[in-house]
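Visitor: Read off the chains here:
2 protein chains.
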Amino acid sequence: MSTKAAVPFSREALEQVLKRRFFFAPAFEIYGGVSGLYDYGPPGCAFQANIVDTWRKHFILEEDMLEVDCTMLTPYEVLKTSGHVDKFSDWMCRDLKTGEIFRADHLVEEVLEARLKGDKAARGEKVADEDDDDKKKRKKKVKEIKNVKLDDEVVAEYQSVLNQIDGYSGEQLGELIKKYNITNPSTGGALEPPVEFNLMFETAIGPSGQLKGYLRPETAQGQFLNFAKLLEFNNEKMPFASASIGKSFRNEISPRAGLLRVREFLMAEIEHFVDPEDKSHPRFAEVKDLKLKFLPKGVQESGSNELVEKTIGEAVASKMVDNETLGYFMARIYQFLVKIGVDPSRCRFRQHLSNEMAHYASDCWDAELETSYGWIECVGCADRSAYDLSVHAARTNEKLVVRKALAEPRKVNNFEVDIDKKKFGPKFRKDAGAVTKFLTDRTQCELEDLAKELADNGKIVAKVPGVEGEVEIPAELVKIERVERVEHVREFTPNVIEPSFGLGRIIYSIFEHTFWARPEDKDRSVLSLPALVAPTKVLVVPLSSHSDLSPLVSKITSALRRAQVPFKVDDSSASIGKRYARNDELGTPFGITIDFDTVKDGSVTLRERDSTKQVRGALDDIVKAVKAITYDGVSWSEGTAHLTPFETVTEEK
Amino acid sequence: MSTKAAVPFSREALEQVLKRRFFFAPAFEIYGGVSGLYDYGPPGCAFQANIVDTWRKHFILEEDMLEVDCTMLTPYEVLKTSGHVDKFSDWMCRDLKTGEIFRADHLVEEVLEARLKGDKAARGEKVADEDDDDKKKRKKKVKEIKNVKLDDEVVAEYQSVLNQIDGYSGEQLGELIKKYNITNPSTGGALEPPVEFNLMFETAIGPSGQLKGYLRPETAQGQFLNFAKLLEFNNEKMPFASASIGKSFRNEISPRAGLLRVREFLMAEIEHFVDPEDKSHPRFAEVKDLKLKFLPKGVQESGSNELVEKTIGEAVASKMVDNETLGYFMARIYQFLVKIGVDPSRCRFRQHLSNEMAHYASDCWDAELETSYGWIECVGCADRSAYDLSVHAARTNEKLVVRKALAEPRKVNNFEVDIDKKKFGPKFRKDAGAVTKFLTDRTQCELEDLAKELADNGKIVAKVPGVEGEVEIPAELVKIERVERVEHVREFTPNVIEPSFGLGRIIYSIFEHTFWARPEDKDRSVLSLPALVAPTKVLVVPLSSHSDLSPLVSKITSALRRAQVPFKVDDSSASIGKRYARNDELGTPFGITIDFDTVKDGSVTLRERDSTKQVRGALDDIVKAVKAITYDGVSWSEGTAHLTPFETVTEEK
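Residue numbers (my numbering), protein chains in the order written: chain A, 1 to 653; chain B, 1 to 653.
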């Protein structure tokens, strides 16, 4: 593996390979493209399908989750209730002169980063991680930047702002723009103060045009709305999890950075429903010794980004991570990411800042992966408390609760409202419903006050929603008293722990983490995708187009098909070395070469992509080795121990 | 299988089972639902995933197709070019008084069918396929219908209209509505003439709101737009196919009939690109003897729907089916449908009527499945000619062609235009481009005429698009002559054969085709889903909750997990019979029972869902049998031949 670092990473080289091998491409490219929309070509599509398959096995099958497939079209009411209509937005600034639109936080980030780089350059320091191409782009995008040296305290201030960039409100962003004199980077023109832009795509459902809908911004809501059915399907057993894999949509203000910020993306989300009084996890012991890298909110708020490394067991014990179930999923997320090709040293868990987290969430950690674009949020893992189920239940009057038999019956001593319905109707007429609702909706604390008012004044005088003026409720119409009851069942709204995966971002990060060039020739690049998720597992290459070899090709391909190992044949006239080089770029982990010895004794050569090592053996043994290494986690040296090492001087030409 | 027909099919009973077992449910049900939108619960989702997996293996892997995953969001320009903006619409009629909106063809169909049923009832004949519930619904929906006897010729006319209902234009539907005096069925109110309603969901892409987009109505366009990249990925080899699996959208006017007509649905589409001069298929011989049921257009146009049964080889030889490649895919579609549970006797291929088919298509056949709603179009199989690639190429000026070396160079003798560009500019100024385009766009036939005009008159006088008045082109500015050239390469736009699957419709049809009730108890219903695609393969049931049995449960489940056989455990306190009955409704093909003999000798019982037959053997042998029957197409009797038949009187209690 050490050779992989010998040639410095070049994003440009990676992008060329991904394009040349059609992993993905801008959608509608022949029409000029639409920013933020990408199509996956055959290798990208297969890689994605293998990751989805691994996700299903790692999470859904392993934990017996209930998978559902819900619609993307979502009516207004649902997303109004969930809070997305009001809050799912970014801040945008418009340059009134040119009509250009900027996403406010990205603009601040871009300009401050550019100024910091200009400062470094002015100080004569090397600007890290920036190649010539990047520099040109930076200069082009942010014209105002000359290499100006900044005061040390300004540098510190900028850095602190950048460390907290995800946490600012629109107003705060507006202040930063003013304070740091940030303008349209390409013209220097003034910008309007930030305004909110809702990120959901809107549409009309049905021919009348009257039912407003959106494309879902996440798969979660569909799972919440089906909660009661899922609980019943699970024979009322708790805790349990549902899961969903599907596309979601976000009308980004100014998409950039390729697959990292797109308008349509594949998500995989889990909603784990748990008793709020018991967030322990039965399998936590299995993962507790796993070491992770954390960036807790305290560290961020102090303006630093130094990582804390400890086991997830310690993190939960110290309450840095709120509870066992949250910690369990963080560990499982990490295991999944590493399994599909993420470099463990470039994976951290960043805790949300208090002002960045939804008000209802009790804790939230993002799995972030390091790329040439910085640390990228790829998986969110949040404890959303009972928020979602509660708001939908309140809006629809459906019970979204769990009933659990108490181990021992318990006494409760609560204020209860007893309404004399016969008298209520004649007295309040059309307002009877509103007054009843007012009384039954009161909290225990409010009821205590009302009981006192009744006892003291013989009546309640109150403002009732939906009724004009004040309402007077005489004591003979209502009793409010403390009543003792014995409960055998506890009814509660479950809390939700939500691991939420953005698969496109993970896919791009893995490309960066596994891309390298052979030190002997920097134009020969390799994608070291793990065999488990590589688009194709085996390249079959006949040494020549000699007619003796072609029946062997079909013999080998039918053996691979029988073994259900995805393969491709390359019987083109290119040299063996060239054919392998092509497939190194496609991430194909194994090559099987057919030569004239194969005709004689049926033996074939197996080549490993990263080391270019080769072994030779009977076809059946080679196929068995490939299967074991690909699907059973066996290493190359274990899997090929019984095969004969094979060396050739002509191989990599 | 004969017992399955003993209890008549009841749609109501099926719907109850599908709902109770959460195969699917109306989306947003707790919000009152949105018509035409459904969510798949865990068994429906797993069934769908297994069908997708089978589809991938049957088509993509078997034929080495190139799978792509393209975006659903699609800009206006693309769908304008493809023709969807102008033509992807249905006809709707509005009742101005009530505001109700009807889909015109469905309305005509519904009313005429209701009248025919009323006629039958008036004649004292049994109204076929209508249970009491249906009758109530019919009466409720179509109030005007009393049981009125119709003239024989009216009956014949209605039937002929119904047989051709898919082929009418909006104007023709308007005439039918007038002629047959069709009104709002529930009020008798008059309806406006049909107007066009575009079925695409519209949205705006980006923050400016200026880029209009749609949700794709099919996955095909993304594949066409990537044609050049795919051809290159395939090393320029022809023919080849791309494929795509994903959601598409259709803003139906009035969705009805459950999963059969929905606004968001999963499609699987293949675009097979083929040389227009050679539509033979190398593997046609493998399928040529397969017998299919056809409903050719001639039969339909004669007002009949009698099926023609013959082999696909005969159908292609007689030119009833246009070409081998089209025929090959029809056969493969049939094999796929039968593999996943479609009843072969309820599958037909209906040819599109000439007026129903797009003008560019050279032939089109729908695989239709018979259900209680009638024959339902589930898979389209069309030869779309070069239409799609041609229109996108023309619009974008990108070359979407294949270059094929000619076996022998050939001479071509064509008229060519030779323009004197130096003089063209000064002479035509701003119109120079338009005049040039006019000349270069001419067909061979038109050029011949123009050459003659030049020779005769010394000039061309013509109307040029985009230029006012007539344009005069003198002979000294342009030469039009026949030139002989030798071509070594033929350049052509491939034709496209497109098999297009609506998976939701197929799924619902399979539910109907595999649903039956046990004759001894009509409340015990069974979904006889093929093991290959059943959501869960094995139910593991311990005979009791005795503590001796629980370690055996984990032993068995880990054996099944190792063998990658999806299973569920039911260790509830319900009787064995009840637990099996529950899983018969879920379509689970096998049950493994653990009893006290298992404790003694490790043997378990294997139960088959449809026959309720049981055999007994060692755990490993039972797992091996399950795998072979599920995945290798082995029959129950073969697969269990070496196991011991087992009988118990208590089984099905």
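Just so you know, not all the hints are guaranteed correct.
Listed next, the in silico BS3-like pairs over lysine-lysine satisfying Cα-Cα at most 30 Å (straight line) [stated by the list, open to error]:
#1 K212(B) / K399(A)
#2 K229(A) / K568(B)
#3 K57(A) / K19(B)
#4 K297(A) / K339(A)
#5 K479(A) / K399(A)
#6 K627(B) / K339(A)
#7 K288(A) / K555(B)
#8 K19(A) / K404(B)
#9 K57(B) / K57(A)
#10 K237(B) / K578(A)
#11 K452(A) / K427(A)
#12 K437(B) / K555(A)
#13 K624(A) / K87(B)
#14 K19(A) / K247(B)
#15 K568(B) / K627(A)
#16 K212(A) / K97(B)
#17 K80(A) / K555(B)
#18 K463(A) / K479(A)
#19 K19(A) / K97(B)
#20 K80(A) / K247(B)
#21 K399(B) / K555(A)
#22 K229(B) / K247(A)
#23 K247(A) / K555(B)
#24 K247(A) / K212(B)
#25 K237(A) / K555(B)
#26 K423(B) / K404(B)
#27 K57(A) / K627(B)
#28 K237(B) / K555(A)
#29 K87(B) / K212(A)
#30 K212(A) / K627(B)
These aren't lab readings, by the way, just hints derived from the structure by calculation.
Visitor: If any of the earlier hints don't hold here, list their numbers in rising order.
Guide: Those not satisfied are hints 1, 12, 13, 17, 19, 21, 23, 26, 30.
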